[in-house]
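A.B. asks: Next come the chains, spelled out residue by residue.
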Amino acid sequence: MEKPQIIAHVQKSLNYTLYDCKWLPGTARFAVVGSHPRGTGALQMYEIAQGDVTIKLDTEKAKSFKCCTFGASLPGRSHLATGDFNGQLHVWDVDKPEVPAYSVKAHQEIVNTIDAVGGTVGEGAPEIATGSRDGSVRVWDPRQPNDPVACMESDDKATARDCWAVAFGDAFNSTERCLVSGYDNGDLKLFDLRAMALRWETNLKNGICGLEFDRRDIPANKLVASTLEGKFHVFDMRTQHPNKGFASLTERAHKSTVWCARHLPQNRDVFMTCGGSGGLCLWQYSYPTARVAKDSDGLDYGVAGTVALLQNVTLSTQPVASFDWSPDKLGLGICASFDQCLRVLIVTKLNRL
Amino acid sequence: YNIPLDHLDFRYISGCSDVKELENIYKVLLSGEEGRYPELETHCEERLRLLAPNSRVLRKEQPPLSAAGLDQAEWASIAADLNAWTAAVNTNTGSADAGQEKSKTDADDLLPPVRAANATINLSPSQQQQQMASSTTTTSGRTSGSSVSASSAKRPMPRSYDEWSKLEKQLEAQEERDAAISADEASIKQANASKTSPAATASPASRKMPNLPNRLRVDGLSSEERARLAEQEKAKGNEAFRSGDYEEAALYYSRSVSASPLPAAYNNRAFAYLKLQKYTACVKDCGRVLKAEPDNVKALLRRATAYQKIHRIVDARADLERLLRLDPGSAAGSALLSELDAELAKRGKTSASAKRMVIEEVGSSEEDDEDDNNAGLEANGPVSNALNGRHQAAAGGSCSTVQSSNSQVETEQASPPVMKDPLSTCIPPATVALLSNLSSKRKPQKQPTRLIKKNPRRSPVKNPATRKRQLPRMKRRRPSLRQTNLTRLKRPATSYSKRATMPVP
Numbered sequence: 001m002e003k004p005q006i007i008a009h010v011q012k013s014l015n016y017t018l019y020d021c022k023w024l025p026g027t028a029r030f031a032v033v034g035s036h037p038r039g040t041g042a043l044q045m046y047e048i049a050q051g052d053v054t055i056k057l058d059t060e061k062a063k064s065f066k067c068c069t070f071g072a073s074l075p076g077r078s079h080l081a082t083g084d085f086n087g088q089l090h091v092w093d094v095d096k097p098e099v100p101a102y103s104v105k106a107h108q109e110i111v112n113t114i115d116a117v118g119g120t121v122g123e124g125a126p127e128i129a130t131g132s133r134d135g136s137v138r139v140w141d142p143r144q145p146n147d148p149v150a151c152m153e154s155d156d157k158a159t160a161r162d163c164w165a166v167a168f169g170d171a172f173n174s175t176e177r178c179l180v181s182g183y184d185n186g187d188l189k190l191f192d193l194r195a196m197a198l199r200w201e202t203n204l205k206n207g208i209c210g211l212e213f214d215r216r217d218i219p220a221n222k223l224v225a226s227t228l229e230g231k232f233h234v235f236d237m238r239t240q241h242p243n244k245g246f247a248s249l250t251e252r253a254h255k256s257t258v259w260c261a262r263h264l265p266q267n268r269d270v271f272m273t274c275g276g277s278g279g280l281c282l283w284q285y286s287y288p289t290a291r292v293a294k295d296s297d298g299l300d301y302g303v304a305g306t307v308a309l310l311q312n313v314t315l316s317t318q319p320v321a322s323f324d325w326s327p328d329k330l331g332l333g334i335c336a337s338f339d340q341c342l343r344v345l346i347v348t349k350l351n352r353l
Numbered sequence: 001y002n003i004p005l006d007h008l009d010f011r012y013i014s015g016c017s018d019v020k021e022l023e024n025i026y027k028v029l030l031s032g033e034e035g036r037y038p039e040l041e042t043h044c045e046e047r048l049r050l051l052a053p054n055s056r057v058l059r060k061e062q063p064p065l066s067a068a069g070l071d072q073a074e075w076a077s078i079a080a081d082l083n084a085w086t087a088a089v090n091t092n093t094g095s096a097d098a099g100q101e102k103s104k105t106d107a108d109d110l111l112p113p114v115r116a117a118n119a120t121i122n123l124s125p126s127q128q129q130q131q132m133a134s135s136t137t138t139t140s141g142r143t144s145g146s147s148v149s150a151s152s153a154k155r156p157m158p159r160s161y162d163e164w165s166k167l168e169k170q171l172e173a174q175e176e177r178d179a180a181i182s183a184d185e186a187s188i189k190q191a192n193a194s195k196t197s198p199a200a201t202a203s204p205a206s207r208k209m210p211n212l213p214n215r216l217r218v219d220g221l222s223s224e225e226r227a228r229l230a231e232q233e234k235a236k237g238n239e240a241f242r243s244g245d246y247e248e249a250a251l252y253y254s255r256s257v258s259a260s261p262l263p264a265a266y267n268n269r270a271f272a273y274l275k276l277q278k279y280t281a282c283v284k285d286c287g288r289v290l291k292a293e294p295d296n297v298k299a300l301l302r303r304a305t306a307y308q309k310i311h312r313i314v315d316a317r318a319d320l321e322r323l324l325r326l327d328p329g330s331a332a333g334s335a336l337l338s339e340l341d342a343e344l345a346k347r348g349k350t351s352a353s354a355k356r357m358v359i360e361e362v363g364s365s366e367e368d369d370e371d372d373n374n375a376g377l378e379a380n381g382p383v384s385n386a387l388n389g390r391h392q393a394a395a396g397g398s399c400s401t402v403q404s405s406n407s408q409v410e411t412e413q414a415s416p417p418v419m420k421d422p423l424s425t426c427i428p429p430a431t432v433a434l435l436s437n438l439s440s441k442r443k444p445q446k447q448p449t450r451l452i453k454k455n456p457r458r459s460p461v462k463n464p465a466t467r468k469r470q471l472p473r474m475k476r477r478r479p480s481l482r483q484t485n486l487t488r489l490k491r492p493a494t495s496y497s498k499r500a501t502m503p504v505p
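First to last, the sequence lines map onto chains A and B.
Once you know that position 217 of the first sequence is 217 in the UniProt record's numbering, the rest is easy, because the numbers rise by one and skip nothing.
Once you know that position 273 of the second sequence is 273 in the UniProt record's numbering, the rest is easy, because the numbers rise by one and skip nothing.
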């Protein structure tokens, strides 16, 4: 079996700091957000054509953007939800970016992370979750102004830890949904939004930089949490033991912070991790022969599988902050790194895995 | 790393099998502290790759490939593929932009409502009582506020006593709900950090299968939308299959075919059913695939395997022969065929006598063997239909194969083992005993026969017309048959193997 190869297709050097990039599903376009040196926000849309990227939209907004997502954009629309350094959540229609379609002051401090479900991915109401430095995680519905539909926060604001990552999952029908949030001290909390309760929490010892479920529109199957100090954890979310929680495996990679992990939309067992030393690693998860086992009390507990490195490349000397797979074309991906470079990558031979 | 200097040696590395030590040696060599020895490094790397290919130490940093670094033809194909895709997608986007306005508002109405309860989940464990009280009030205040506002926006304070009583009931209900929620929260906070919430403990057990309908709602969607949804569900099914959740995979495939009945999805679902040991369903799905694609090799193999498991050997053989005609190099196909042949041969040895007996049981009255065969076979068909109708659809399906195999066999008189098989494998021992009694029902027999005689009527007769036609043939009886039947009545129903070895009268 030949290993997949990672090919750098296009490399574009920009004049602002890139923080996040996301594909617009159903098209060959993607959005890039970042921060100009003068503290204003940059929002650009690019399109791939004939071996190069052409710019389709270039706007500058009041405050630097930290994160973005197309997840709550209903089919047929292109609504980009962004979080900025002031704690504002905006939803922009990229066809008419002058005025935001939805805007709210989500948090008092910077919105570190954003995730959305219900529009292009997952079933049910479109919802956007934001996590902030003030330690709270809030869920917003673009149809409800001003107030979040759910809020997970600690009453004791002084000792609240910064929330660094959020991810939606388990959104396989219109009622079920769960949200997982990771904090800078390694806390990982899983909320069930249907029961509106905390379902599980654990501590991973290192701050959690990235979280992702392998697929958002199926019952929760796997969760990858990437942390500081070059580690990531893969949890098997199918079986929860009352004491042991979820089974997990830990792997070292990159020798520095693992910034994020992104699953291939066409194959939920393949994912890419982005490292603080500018590298990308492509991993494949294999399931164990029996995913569930019984312990001495007769309760079920999960069994974690193994993860194998398929390929690794070094793109730059600066951290790769964000990576996104195209949901329509197998193997096409974009990544943004802190050396102000946007790269379009092609990963070959993924259909043979 | 505490490695003595003489370990950095070719011979030592070749002889060393300790992975940890080899890794350390490699690290030392790479660091260049003791000097640069490139050949030693490669030697150590090869040794390590032999012993532990997944070792972290072997991970190398390399730059990504570029178009220049790739093979020309390969890059050309990749580039062409990408360009074709972008061109297609860009034209789609252009046309989609034009015609999207109307569908937008319709889609909005179909969405589920905004989450009603403006809920807050409190995370900090300290000061539980105070927080619970405050959280109750906040949640109750917010929920009642939101529910009241949802029902009627900005109502003035209730004026009449009726309105007050209604509001009271509402508030009471709210309080009960909030008490339940806070009780849950209290138990969460008091319990361990990793304990689950009571509300959710019920769900993990039932989380094995998603609470999803078996069909997708595809009423107003265009064919492209349906195809896309079907493809999505099929992909989900494939993934569930790969991780061993066959029931879930079958569910996703069913959803996929409800949107767009493609043979590929049916084929995959057949495989899932095969793994779940639902052999009849597998056979049905393979049948659907083969109707659309008669040359589908996978479907033939799967159906043959399913047939073998439900003991429809003849059909299995037919499918395998078809398969081997299409794909002579199929290893699985030929292996299965040889298995089937071995089974048949095993039965064939003991079946020569048994076969004749079986035909007699059904009640062919002619002395002539050949007529016996024909009549017996024909009588077999409908009568066995009648009896098998009592059994599940699986057996019922096999009756039709008895029919078909009979017709097949009539053309090929030369394969006796095959003839025998459908009967013995389809019809359980009890039924065969009953069949024998049926055949002898016209004899002046004692009560047992009369009791048994009732049975055929109880069962739904599959083919009444043919049955009536065939019955008159059961005229002559062999004296020895009577003898054997009597003896059989006294004995309890035996297994097949035993009957096969019984002496022929």
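Just so you know, the hints here were simulated from the structure itself, not pulled from any lab data.
The C-beta atom is built at its ideal place from N, Cα and C for all residues, glycine as well.
Where hints are given, some of them may not hold.
Said to hold, decoys possible - Label-pair restraints from in silico Cβ distances:
(1) A/Ala290 to B/Arg217: 27 to 37 Å
(2) A/Asp156 to B/Glu34: 52 to 62 Å
(3) A/Lys349 to B/Val19: 24 to 34 Å
(4) B/Ala68 to A/Thr317: 33 to 43 Å
(5) B/Glu163 to A/Arg38: 50 to 60 Å
(6) A/Gln50 to B/Pro112: 52 to 62 Å
(7) B/Glu34 to A/Arg38: 50 to 60 Å
(8) B/Val19 to A/Ala49: 43 to 53 Å
What the hints assert, rightly or not - With a cut-off of at most 30 Å between alpha-carbon atoms, the simulated DSSO-like pairs for lysine-lysine come out as follows:
(9) B/Lys298 to B/Lys309
(10) B/Lys291 to B/Lys346
(11) A/Lys105 to A/Lys61
(12) A/Lys205 to B/Lys284
(13) A/Lys255 to A/Lys244
(14) B/Lys20 to A/Lys3
(15) A/Lys63 to A/Lys96
(16) B/Lys20 to A/Lys231
(17) A/Lys294 to B/Lys278
(18) B/Lys278 to B/Lys309
(19) B/Lys27 to A/Lys3
(20) B/Lys309 to B/Lys284
(21) B/Lys60 to A/Lys205
(22) A/Lys255 to B/Lys20
(23) B/Lys60 to A/Lys255
(24) B/Lys60 to A/Lys12
(25) A/Lys349 to A/Lys329
(26) A/Lys329 to B/Lys298
(27) B/Lys60 to A/Lys231
(28) B/Lys60 to A/Lys3
(29) A/Lys255 to A/Lys231
(30) B/Lys27 to A/Lys255
(31) A/Lys294 to B/Lys275
(32) B/Lys278 to B/Lys298
(33) A/Lys329 to A/Lys56
(34) B/Lys166 to A/Lys349
(35) B/Lys27 to A/Lys205
(36) B/Lys27 to A/Lys231
(37) B/Lys60 to B/Lys27
(38) B/Lys298 to A/Lys3
(39) A/Lys329 to B/Lys60
(40) A/Lys349 to B/Lys298
A.B. asks: Does each hint fit the structure? Answer for all of them.
C.D. replies: Hint-by-hint comparison with the structure:
For the hinted restraint 27 to 37 Å between alanine 290 of chain A and arginine 217 of chain B, the CB-CB distance of approximately 35 Å keeps it satisfied. Our hint of 52 to 62 Å for aspartate 156 of chain A and glutamate 34 of chain B holds, since their Cβ atoms are close to 55 Å apart. At roughly 29 Å, the beta carbons of lysine 349 of chain A and valine 19 of chain B sit within the given window of 24 to 34 Å. Checking the proposed 33 to 43 Å range against alanine 68 of chain B and threonine 317 of chain A shows it is violated: the Cβ atoms sit about 22 Å from each other.
As the Cβ distance of glutamate 163 of chain B to arginine 38 of chain A is approximately 58 Å, the hint placing it in 50 to 60 Å holds. The supplied range of 52 to 62 Å is broken by glutamine 50 of chain A and proline 112 of chain B, whose beta-carbon atoms lie about 42 Å from each other. Look at glutamate 34 of chain B against arginine 38 of chain A: about 52 Å separates their beta carbons, and that is inside 50 to 60 Å. The supplied range of 43 to 53 Å is met by valine 19 of chain B and alanine 49 of chain A, whose beta-carbon atoms lie about 50 Å from each other.
This hinted pair checks out: lysine 298 of chain B and lysine 309 of chain B have alpha carbons roughly 17 Å apart, not beyond 30 Å. Distance check on the hinted pair: lysine 291 of chain B and lysine 346 of chain B sit about 34 Å apart at the alpha-carbon level, beyond 30 Å; violated. Distance restraint check for lysine 105 of chain A and lysine 61 of chain A: the Cα-Cα separation of roughly 15 Å lies within the 30 Å cut-off, and the hinted pair is therefore satisfied. Annotation: proposed proximity of lysine 205 of chain A to lysine 284 of chain B is violated, straight-line Cα distance about 53 Å (limit 30 Å).
Between the alpha carbons of lysine 255 of chain A and lysine 244 of chain A the distance comes to roughly 29 Å, so the proposed pair stays at or under 30 Å and holds. At roughly 26 Å between alpha-carbon atoms, lysine 20 of chain B and lysine 3 of chain A fall within 30 Å of each other, so this suggested pair holds. Distance check on the hinted pair: lysine 63 of chain A and lysine 96 of chain A sit about 18 Å apart at the alpha-carbon level, within 30 Å; holds. At most 30 Å may separate the alpha-carbon atoms for a hinted pair to count; lysine 20 of chain B and lysine 231 of chain A meet this at roughly 20 Å.
Simply put, lysine 294 of chain A and lysine 278 of chain B have alpha-carbon atoms about 26 Å apart, close enough for the 30 Å limit, and the pair holds. In summary, the hint linking lysine 278 of chain B to lysine 309 of chain B is supported, as the alpha carbons are separated by about 10 Å, within the 30 Å threshold. Restraint check for lysine 27 of chain B and lysine 3 of chain A: the C-alpha separation of about 25 Å stays at or below 30 Å, so the hint holds. Among the hinted pairs, lysine 309 of chain B with lysine 284 of chain B is consistent with the structure: their alpha-carbon atoms are about 14 Å apart, no more than 30 Å.
For the suggested pair lysine 60 of chain B and lysine 205 of chain A, the alpha carbons sit about 27 Å apart, so the restraint of at most 30 Å is met. Restraint check for lysine 255 of chain A and lysine 20 of chain B: satisfied, since their Cα atoms lie roughly 19 Å apart, inside the 30 Å limit. The hinted pair formed by lysine 60 of chain B and lysine 255 of chain A meets the criterion: a straight-line CA distance of about 12 Å does not exceed 30 Å. Distance hint between lysine 60 of chain B and lysine 12 of chain A is fulfilled; the C-alpha atoms sit about 26 Å from each other, no more than 30 Å.
Straight-line distance between C-alpha atoms of lysine 349 of chain A and lysine 329 of chain A comes to about 13 Å, which keeps the hinted pair within the 30 Å bound. Taking the CA atoms of lysine 329 of chain A and lysine 298 of chain B, the gap is about 27 Å. The hint holds against a cut of 30 Å. The straight-line distance between the Cα atoms of lysine 60 of chain B and lysine 231 of chain A is roughly 17 Å, inside the 30 Å bound, and the hint therefore holds. Using a Cα cut-off of 30 Å, the hinted pair lysine 60 of chain B and lysine 3 of chain A holds, with the two alpha carbons roughly 14 Å apart.
A distance of roughly 8 Å separates the Cα atoms of lysine 255 of chain A and lysine 231 of chain A; the hinted pair therefore holds under the 30 Å criterion. A distance of roughly 15 Å separates the Cα atoms of lysine 27 of chain B and lysine 255 of chain A; the hinted pair therefore holds under the 30 Å criterion. Proximity of lysine 294 of chain A to lysine 275 of chain B is assessed by CA-CA distance (about 23 Å); at most 30 Å being required, the pair is judged to hold. Between lysine 278 of chain B and lysine 298 of chain B the alpha-carbon distance is near 17 Å, which keeps this suggested pair within the 30 Å criterion.
Only pairs whose Cα atoms come within 30 Å are accepted, and lysine 329 of chain A paired with lysine 56 of chain A is accepted, the gap being roughly 20 Å. A distance of roughly 66 Å separates the Cα atoms of lysine 166 of chain B and lysine 349 of chain A; the hinted pair therefore is violated under the 30 Å criterion. The straight-line distance between the Cα atoms of lysine 27 of chain B and lysine 205 of chain A is roughly 27 Å, inside the 30 Å bound, and the hint therefore holds. About 20 Å separates the Cα atoms of lysine 27 of chain B and lysine 231 of chain A, which keeps this hinted pair within 30 Å; it holds.
A distance of roughly 12 Å separates the Cα atoms of lysine 60 of chain B and lysine 27 of chain B; the hinted pair therefore holds under the 30 Å criterion. Our distance criterion of 30 Å between C-alpha atoms is met by lysine 298 of chain B and lysine 3 of chain A, whose separation comes to about 27 Å. A distance of roughly 28 Å separates the Cα atoms of lysine 329 of chain A and lysine 60 of chain B; the hinted pair therefore holds under the 30 Å criterion. Proximity of lysine 349 of chain A to lysine 298 of chain B is assessed by CA-CA distance (about 24 Å); at most 30 Å being required, the pair is judged to hold.
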